[in-house]
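**Q** Top to bottom, those sequences are chains A and B.
First residue of the first sequence? That's 1 in this note's numbering, and the numbers climb one at a time after it.
First residue of the second sequence? That's 758 in this note's numbering, and the numbers climb one at a time after it.
Keep in mind that the hints were calculated from the coordinates and are not lab data.
A portion of the hints provided could be inaccurate.
[What the hints assert, rightly or not] Quick partial rundown of chain B residues pointing at chain A, CB under 8 Å, derived from the structure:
1. V798
2. P802
3. S898
4. N899
[Claimed, not checked] Keeping only pairs whose Cα atoms sit at most 27 Å apart, straight-line, the calculated DSSO-like set for lysine-lysine is:
5. K785/B / K397/A
6. K262/A / K857/B
7. K824/B / K785/B
8. K857/B / K819/B
9. K831/B / K261/A
Ideal Cβ placement from N, Cα and C applies to all residues, glycine included.
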Amino acid sequence: MKKIILLFILIWIQSGYSQTTASVFGNISSEGKAVINAHVVLNNDFKSETDSIGNFKIENVPVGNYKIMVAAMGYENIRKNISILENVAAEFNLELKKNENILNEIVVSGTLKAVRRMESPVPVEVYTPVFFKKNPTANIFDALQNVNGVRPQLNCGVCNTGDIHINGLEGPYTSVLIDGMPIVSSLSTVYGLSGIPNSLVERIEIVKGPASSLYGSEAVGGLINIITKTPKNAPAFSADVFTTSWLETNVDIGMKFNVEKKATALFGINYFTYNEIIDNDNDNFTDVTLQNRISVFQKWNFNRKDNRLFSIAARGMYEDRWGGDVRWNKSFRGGDQIYGESIYTKRAELFGNYELPTAEKLMLWFSGNVHYQDSRYGTTSYIANQKIGFLQLTWDKKTGRHDLLSGISSRYTYYDDNTPATARFETNNPENTWLPGIFIQDELTLAEQHKLLLGFRYDYNSAHGNIFTPRLAYKWKINDNNIIRFNTGTGFRVVNLFTEDHAALTGSREVVVAGALKPERSVNANLNYIRKMFASNGTSINLETSLFYTRFGNRIIGNYELDPNKIIYDNLDGHAISKGITANLDFSFSNGLKVIAGATMMDVYSVENNVKSRQLLTEKFTGTWSVSYKITQIQLGFDYSGNVYGPMKLPLLGELDPRSPDSPWYSLQNIQFTYYGFKNFEAYAGIKNLLDFTPKKNNPFLISRTDDPFDRNVEYGTNGQVLATPQNPYGLTFDTTYIYGPNQGIRGFFGLRYTMK
Amino acid sequence: MEKAVVNTWFLALAFAFLNVGNSYGQLKTIGFEQLDSLQTVQKRPVLLFFHADWCTFCQSMKNTTFKNIPLSEKLNNHFYIISFNAEQQENVVYKGKTFKFKPNGNRTGTHEIVDLFATAATTYPLIVILNRENEIIFEYSNYLNAAEMLKILEKLE
Numbered sequence: 001m002k003k004i005i006l007l008f009i010l011i012w013i014q015s016g017y018s019q020t021t022a023s024v025f026g027n028i029s030s031e032g033k034a035v036i037n038a039h040v041v042l043n044n045d046f047k048s049e050t051d052s053i054g055n056f057k058i059e060n061v062p063v064g065n066y067k068i069m070v071a072a073m074g075y076e077n078i079r080k081n082i083s084i085l086e087n088v089a090a091e092f093n094l095e096l097k098k099n100e101n102i103l104n105e106i107v108v109s110g111t112l113k114a115v116r117r118m119e120s121p122v123p124v125e126v127y128t129p130v131f132f133k134k135n136p137t138a139n140i141f142d143a144l145q146n147v148n149g150v151r152p153q154l155n156c157g158v159c160n161t162g163d164i165h166i167n168g169l170e171g172p173y174t175s176v177l178i179d180g181m182p183i184v185s186s187l188s189t190v191y192g193l194s195g196i197p198n199s200l201v202e203r204i205e206i207v208k209g210p211a212s213s214l215y216g217s218e219a220v221g222g223l224i225n226i227i228t229k230t231p232k233n234a235p236a237f238s239a240d241v242f243t244t245s246w247l248e249t250n251v252d253i254g255m256k257f258n259v260e261k262k263a264t265a266l267f268g269i270n271y272f273t274y275n276e277i278i279d280n281d282n283d284n285f286t287d288v289t290l291q292n293r294i295s296v297f298q299k300w301n302f303n304r305k306d307n308r309l310f311s312i313a314a315r316g317m318y319e320d321r322w323g324g325d326v327r328w329n330k331s332f333r334g335g336d337q338i339y340g341e342s343i344y345t346k347r348a349e350l351f352g353n354y355e356l357p358t359a360e361k362l363m364l365w366f367s368g369n370v371h372y373q374d375s376r377y378g379t380t381s382y383i384a385n386q387k388i389g390f391l392q393l394t395w396d397k398k399t400g401r402h403d404l405l406s407g408i409s410s411r412y413t414y415y416d417d418n419t420p421a422t423a424r425f426e427t428n429n430p431e432n433t434w435l436p437g438i439f440i441q442d443e444l445t446l447a448e449q450h451k452l453l454l455g456f457r458y459d460y461n462s463a464h465g466n467i468f469t470p471r472l473a474y475k476w477k478i479n480d481n482n483i484i485r486f487n488t489g490t491g492f493r494v495v496n497l498f499t500e501d502h503a504a505l506t507g508s509r510e511v512v513v514a515g516a517l518k519p520e521r522s523v524n525a526n527l528n529y530i531r532k533m534f535a536s537n538g539t540s541i542n543l544e545t546s547l548f549y550t551r552f553g554n555r556i557i558g559n560y561e562l563d564p565n566k567i568i569y570d571n572l573d574g575h576a577i578s579k580g581i582t583a584n585l586d587f588s589f590s591n592g593l594k595v596i597a598g599a600t601m602m603d604v605y606s607v608e609n610n611v612k613s614r615q616l617l618t619e620k621f622t623g624t625w626s627v628s629y630k631i632t633q634i635q636l637g638f639d640y641s642g643n644v645y646g647p648m649k650l651p652l653l654g655e656l657d658p659r660s661p662d663s664p665w666y667s668l669q670n671i672q673f674t675y676y677g678f679k680n681f682e683a684y685a686g687i688k689n690l691l692d693f694t695p696k697k698n699n700p701f702l703i704s705r706t707d708d709p710f711d712r713n714v715e716y717g718t719n720g721q722v723l724a725t726p727q728n729p730y731g732l733t734f735d736t737t738y739i740y741g742p743n744q745g746i747r748g749f750f751g752l753r754y755t756m757k
Numbered sequence: 758m759e760k761a762v763v764n765t766w767f768l769a770l771a772f773a774f775l776n777v778g779n780s781y782g783q784l785k786t787i788g789f790e791q792l793d794s795l796q797t798v799q800k801r802p803v804l805l806f807f808h809a810d811w812c813t814f815c816q817s818m819k820n821t822t823f824k825n826i827p828l829s830e831k832l833n834n835h836f837y838i839i840s841f842n843a844e845q846q847e848n849v850v851y852k853g854k855t856f857k858f859k860p861n862g863n864r865t866g867t868h869e870i871v872d873l874f875a876t877a878a879t880t881y882p883l884i885v886i887l888n889r890e891n892e893i894i895f896e897y898s899n900y901l902n903a904a905e906m907l908k909i910l911e912k913l914e
């Protein structure tokens, strides 16, 4: 604990001109013990220090009136008026009082809110770019596979789009923030993580479970907060280029600018390209989606009076991806000759925070994004346009033990597509949704070790009415190294199937929405314990474990099993549960060896009419680990990382489907070597998927009937069921939903990083 | 099976509680506000330790290096020690000037006073040693164990 020593000396000399002097001496003690090294001061000219038995002596002090001050580390200061008389030795024996709580004295009252992250009742996990470098990935989205309890999920076997699941909750339940500024979009976990080079990222904070009321009614799954580097820390220029033996090439460029003394800017470009047609599983379909993607990111910070915040970030993204029949090219786009899924996406975002120039801390938050998608899944086209605008004003106020945060917000969503979903009476009728809201939150310090956060939010959805979102979090800090947290809250999600649920975007099945979907509601609770242990030799161990539970009402579930040609979306008439346990262990040895291991066990199921059914494509167990070591003598780093997944229940097309109904246990493992010996350069190389696992193993095929993707030779019975015929022995249709893991075997990679300070 | 896992989890939690140790460092630290007046009374070199809440190696140093008895005795007797959270939001007054937290996003940023002592890019833990005249004579951004730090202190003397 902080112990503080305090010395403060002030002497006012009031004496006149006197030529005669005397000596001053004495003893300084406290509770019967001598105080050593105490400072005794008379005027600025006369100083002394007590010796090992607490005695001091100052000689040749001119006669007169003085202020004497005695100060010593850990004691309260003493000030006294004294008079020195001619030829009289002055003896002063003083008793000092111990100061147990000097900390209070140095706290300078500030108007800014002094909440430190670790003090927050909500558990926060922090990952630095070093962590994500262990297995180089093209973007932060893929990199998150290294984090326990966080899983980038591929939702589409041919088009390879995905979102991020935190503790089993879908992407839209997770908010993505950049430097604490939210990208308000349910697509933020799909696109919000691209374009920011690792070299500009200071760290990534992950909150699992319901966060502050600040982030709206959806943020029940968690937060991913990307903290960018300060202008001082960011390199002037950085580049990171890598390619794999499949020629997946990724280029990251980062830069910073200073505009006089007015502003600083960070600039990042990410380009990813993969243009090889590889068909290792011999189904005449591409194993991995081919793509070209460019993202441009900028962040501006303006220097203002009193260090008030004004930050703006913007990002633009263009992506062109396709997968399908190996003979496909753009001339077949949308046609019925050769099957291909082709998606063009354009997206732009602008968001930021502006602190108002007022005495009170008022913050204006703004966020807007436009998203345009032009897709063809075989002959099915899906063209959609989404625009979101968001404004929020918050007020921070700290009084006594209360730390209040309140605000008003408004969100506008425009959505239009070429499907009947946005058509009414034969004419196009785009959706316009307003979502005004108000919230208040109080973080109450009950005692030094106990903190309670209570939040309440009310939103009005112009389509669905009132939404109430309560939040509660409690933190018990047993001591610096043992912390328990509990947080709970409700979530509310209006699902837009087409843009947000990418499983719907497989052209092989028709999407059917049964009736008007009601918004999904959920209640979530997390119990979290953090323990830090330190050995005197420098080894440290961090243990973090949580228990999580979410119950959904009106759960919107796509039914794959009723009809192999359809995904039928409906509100679940019952409830769904997602619950589990997760634990993460982090060992850092003083010799530089670092080991991280995590495991999550979870159970995700729905209950309808008392029948419990397990959610498809969701595993019960996942494990992640990484081991890194740097041999300083030869400037070589070594990283070994991996994941293991338990079996998942998979969507089959019928009784005769020869594919395995469950995925096997499987593991993806990677090794990497990094050489730091060059000036400004780092070279790295390694192997991905060491065990050469692909989901094709143990299965005759992954995508069914790739030889007949337009279902021309499928014969149907009188009830619409698919008949087994000599040409179609298993009675299947074309279907791409079976993919449960990346369809890429072992491959090597090589990369170079350049940094100019 | 599930129940068993949950029970084990709670059991482990209870066990962890029993192990909760309460150890406090012996290091006597001061604030920037006190440095000037202390230096007028007795000139000493200064050890600055900049850390951040999210920096695990900083926490580790606090709990290992700075709890080392020979090192903390040496520091307590011959140095002024300032341990500073580089992301704290309270103002700091030093040499008559007020230093503030400088945000670069909502609730993220660095305190201005760090820039005064960190000449290069700041990574944490950051250890800066000033001589008796408040001049920077040593700057290092990495984990240091007690033996290494003692060696450095000896060399600087």
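**Q** Tell me, which hint numbers fail for this structure?
**A** Numbers 2, 3, 4, 5 and 9, in rising order.
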